[in-house]
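Chains A and B, in that order, are what the protein sequence lines are.
Residue 1 is where the first sequence starts when you use my numbering, and the numbers rise one by one after that.
Residue 473 is where the second sequence starts when you use my numbering, and the numbers rise one by one after that.
The set of hints was computed from the structure by calculation and includes no laboratory data.
Misleading hints may appear alongside valid ones.
Straight line, CA to CA, 35 angstroms or less: simulated DSBU-like cross-link-like pairs of lysine-lysine [to be verified]:
no., chain 1, residue 1, chain 2, residue 2
1, A, Lys323, B, Lys829
2, A, Lys390, A, Lys282
3, B, Lys862, B, Lys754
4, A, Lys25, A, Lys390
5, A, Lys323, A, Lys356
6, B, Lys795, A, Lys323
7, A, Lys356, B, Lys754
8, B, Lys754, A, Lys357
9, A, Lys16, A, Lys181
10, A, Lys323, B, Lys828
11, B, Lys828, A, Lys282
12, B, Lys754, A, Lys323
13, B, Lys862, B, Lys488
14, B, Lys795, A, Lys356
15, B, Lys829, A, Lys357
16, A, Lys181, A, Lys25
17, A, Lys356, B, Lys829
18, B, Lys829, A, Lys282
19, B, Lys795, A, Lys282
20, A, Lys357, B, Lys795
21, B, Lys653, B, Lys488
22, B, Lys828, A, Lys357
23, B, Lys828, A, Lys356
24, A, Lys16, A, Lys390
2 protein chains.
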Amino acid sequence: MNPNIGETAAGSELHKVFAYIAANKDHFINRLVDYLRHPSISAQNIGIREVSDILVSMLSRLGLEARTILTSGHPIVMARWEHAPEAPTVLLYGHYDVQPAEPLEEWISPPFEPTIREGRIYARGAGDSKGQHFAQILAMESYLAVHGRLPCNVLLVLEGEEEIGSPSLEAFVRAHRGLLKADLVVTADGSMHPSGRPTVSHGCRGIATFELRARIANRDVHSGNFGGVVPNPIWILVHLLASMKNAAGEITIEGFHDGVVPASDVERAAAVRLPLDADQLKRELGIVSLDAPAERSMADRLMFNPTLTINGLHGGYGGPGAKTVIPHEALAKCDARLVGRQSSEDVLSRIEAHVKKHAPEVEFVRLESTPPSKTPLDSPFSDIVRRAVKTAQGVEPLICPAGGGTLPDYVFTRVLGLPSFGTPYANADERNHAPNENIRIDCFLNGIRTGAALLNGLGRCTGVERSLHSTA
Amino acid sequence: MNPNIGETAAGSELHKVFAYIAANKDHFINRLVDYLRHPSISAQNIGIREVSDILVSMLSRLGLEARTILTSGHPIVMARWEHAPEAPTVLLYGHYDVQPAEPLEEWISPPFEPTIREGRIYARGAGDSKGQHFAQILAMESYLAVHGRLPCNVLLVLEGEEEIGSPSLEAFVRAHRGLLKADLVVTADGSMHPSGRPTVSHGCRGIATFELRARIANRDVHSGNFGGVVPNPIWILVHLLASMKNAAGEITIEGFHDGVVPASDVERAAAVRLPLDADQLKRELGIVSLDAPAERSMADRLMFNPTLTINGLHGGYGGPGAKTVIPHEALAKCDARLVGRQSSEDVLSRIEAHVKKHAPEVEFVRLESTPPSKTPLDSPFSDIVRRAVKTAQGVEPLICPAGGGTLPDYVFTRVLGLPSFGTPYANADERNHAPNENIRIDCFLNGIRTGAALLNGLGRCTGVERSLHSTA
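Isolated chain A, as found in the complex (with noise of 0.2 angstroms):
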């Protein structure tokens, strides 16, 4: 498909929503600050039930087919306006909860009384990420408004647990397979570069944490009296640990590697174009060095390699001077952040056997695992949606193969094998997860011009494409 074709026509349809978003700022700005006043706290249950109650009302006021779907925790918001028989169907996953706002009295305005000063609106969740998803309702509010339809096919998924780790959306997704058939999955979430240059990301690394308990002795003992006799926790602790990662920086666990995938030709020349300054990230952390190994990019290190990392190691005497004992317990805590199509459920299965090998008398706990996501460079829908957000924005976006945090995006990668990709909306100094959380209006109006921009991307993307994909 030559993706030029029908761009006249799109350009001029995708225009007259533009110029009905512009007349429509006061009062887009003004719904947005009226959702905010609503919390939605779901660690500490607040608001939950009200908020996802608006969200059906507000879709179904605008034609969507709106309902909430139970989970074992918290609701998931669904809606979907499937018209367009030609066109492919975008999933746009958002979530409606919020993080606690506490500490208050660090908020120079009350977290649910949304202030405007100096171009931002002050609130929590104006970033992360009610502001982000409000923006995508607006997009198709905005389309329905000048043109009584979608170019494409739209489901909407909301859900109300992702600042508590999403414990119901795999499970949600595995007994809902049947309402999730989608073309690809696009979730405005997260922010932009700090240059203020938009993203489109393709993944994300996965994650697994465990922990490492030693208990060797029923109580502490005297190192002169006991020491060369009685075992160190510690000790076995550093042996084990230093079994597993060597000092070169590689990480030593028999098949721990298994589904890493050396980055393609493609994910490679995005990688370069990305700017990542090991030189300023230096000077700001205050470290002389990068990590182990010495030769490896910016890049590479972020986005390509799995990562083994200490968290925590506690044990024995901590306090001032000398103590000289043996303790008899300590505790690691680790995670590993996996890549490529590493399964975080078989990595620690392989760290639990390098353990039991190695150090049998250690005892191995699991804690949370997250799969990596992964979205080819080269899938078709990429440079629709990176082509939506620069006509949208203006600007040319990053192109990131893969963040280096987690995400539950494997959900729909992993689980449904669609495409999935992260067009962040918010400022990147939008405080999330802290007080005076906020969205700059321009990056609000720019997040409604953006969704707008992909539904009618999408809507210009023929059935060739589509099929492209789904043999790719």
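For chain A, the structure is supplied; the task is to place chain B on it using the hints.
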């Protein structure tokens, strides 16, 4: 020399002293109770002056030339009786300071209101070690009362800072070599074997304590967004520590073992006779195996080999669940126990050089250190001390080549070049450093008898025997 020469005459002389001790038993117990009423807590600077003055008065009344000698810390009490020109001179070392008494609420009777219950005197300092050097003083008093003279020369050195690490003792010894001319040192401190058998110790391991501080970044960072990029101070300590001692238990620091002397046949033979029961220890401490290396005997573990112990390691998160963080700093606290002719200062320099070579970003901080002390088992005085203990207590003492813990004994063996022996009088359950410290009255009385037998035994020692020692 035939050690039996003069035994009958000496035995007769000693039995008169034993009879005097038996006749004055209640009086001696009351005198100890009076002495224990006076706190002398070095760490809190309570009662030091009063108790050192009490000792000088008491020793002067016995006819000794007694005085306090100022140090940069608490004064040292010194007393001498030197009217036996043909006999050797024994330096009796002890300490008149005691541990703080806290937690006070755990004492059944107040720490400075000595109370007799079930054959024990309960008070702070009863065992550690006022009851022990008071027994030495009463031994002299008894001998002087019966015979009007001592059978050998005595230098009594009682320091006031043992419970705070003897910070002034080495400088005192170096500054007053002329006042400290002696043939041997005997210390009554510590406790007897749990079986109730007395011991004669011939030294102790030294110690070198240090910290390893790794500070990498100016703040903790997210393990996803920075994992693979920002170095982890815990990993750095893990790899550094693993380079210092391997999983087989071998310390791998270059030069660390300089001065380690293999145990002699005499020492091995003595060690084999010690009741060191690995199985009982395992049961008591709930451990399933001894520390690596696996094939070492208990005596080798405790007496003849150095150790490297991690006393504590702390960095990053230690709370419940997972926290996906790369910590920015971590701290390890360590001690090495030293043997033979190892130098604690040299060992610290070797460790420092190792750290500089393997992890120059880690800060090495020297804490306290004390060299090991070693008196040969075949020192001619060894047998005199052994026979004195056996004569006084009626039990063959355990001959211990070296204790696992550390005492400031090196000031006598390494600075003054004297043979030095430990003859602890206190019961193994004396609860030193803890609430309800006590000494068994029979142990206290046996201590007086042992002190008398020691003086008596040394009085029978000829010049030939002394010269044997001085050329050893």
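Could you grab the alpha-carbon distance between Lys828(B) and Lys357(A) and see if it respects the 35 angstroms cut-off? Since the Cα atoms of Lys828(B) and Lys357(A) sit roughly 33 angstroms apart, the hinted pair holds (cutoff 35 angstroms).
Mind checking the alpha carbons of Lys862(B) and Lys754(B) for me, to see if they're no more than 35 angstroms apart? Holds. Lys862(B) to Lys754(B) sits at ~31 angstroms (cutoff 35 angstroms).
Does the structure keep Lys357(A) and Lys795(B) at a Cα separation of 35 angstroms or less? holds (26 angstroms)
Pair hint outcome, Lys356(A) versus Lys829(B) [Cα-Cα no greater than 35 angstroms]: holds (33 angstroms)
Below or equal to 35 angstroms on CA atoms is what counts here, so check Lys653(B) against Lys488(B). holds (30 angstroms)
Check the hint pairing Lys754(B) with Lys323(A) against an upper bound of 35 angstroms on the C-alpha distance. holds (23 angstroms)
Run the distance test for Lys181(A) versus Lys25(A): straight-line Cα separation, threshold 35 angstroms. holds (33 angstroms)
Just to be careful, I want the Cα atoms of Lys754(B) and Lys357(A) compared with a cutoff of 35 angstroms; is the pair within it? OK: Lys754(B) and Lys357(A) at ~23 angstroms, within 35 angstroms.
Given the hint that Lys829(B) pairs with Lys282(A), does the C-alpha gap stay at or below 35 angstroms? Holds - the C-alpha atoms of Lys282(A) and Lys829(B) are around 23 angstroms apart, at most 35 angstroms.
For a C-alpha distance cap of 35 angstroms, please report whether Lys356(A) and Lys754(B) respect it. Roughly 22 angstroms between the alpha carbons, so the hint for Lys356(A) and Lys754(B) holds.
Hint consistency between Lys795(B) and Lys282(A) [alpha-carbon to alpha-carbon, up to 35 angstroms]: holds (23 angstroms)
Between the alpha carbons of Lys16(A) and Lys181(A), is the straight-line distance 35 angstroms or under? Holds, because 30 angstroms separates the two Cα atoms, which is no more than 35 angstroms.
The structure fails none of the hints (numbered hints given earlier).
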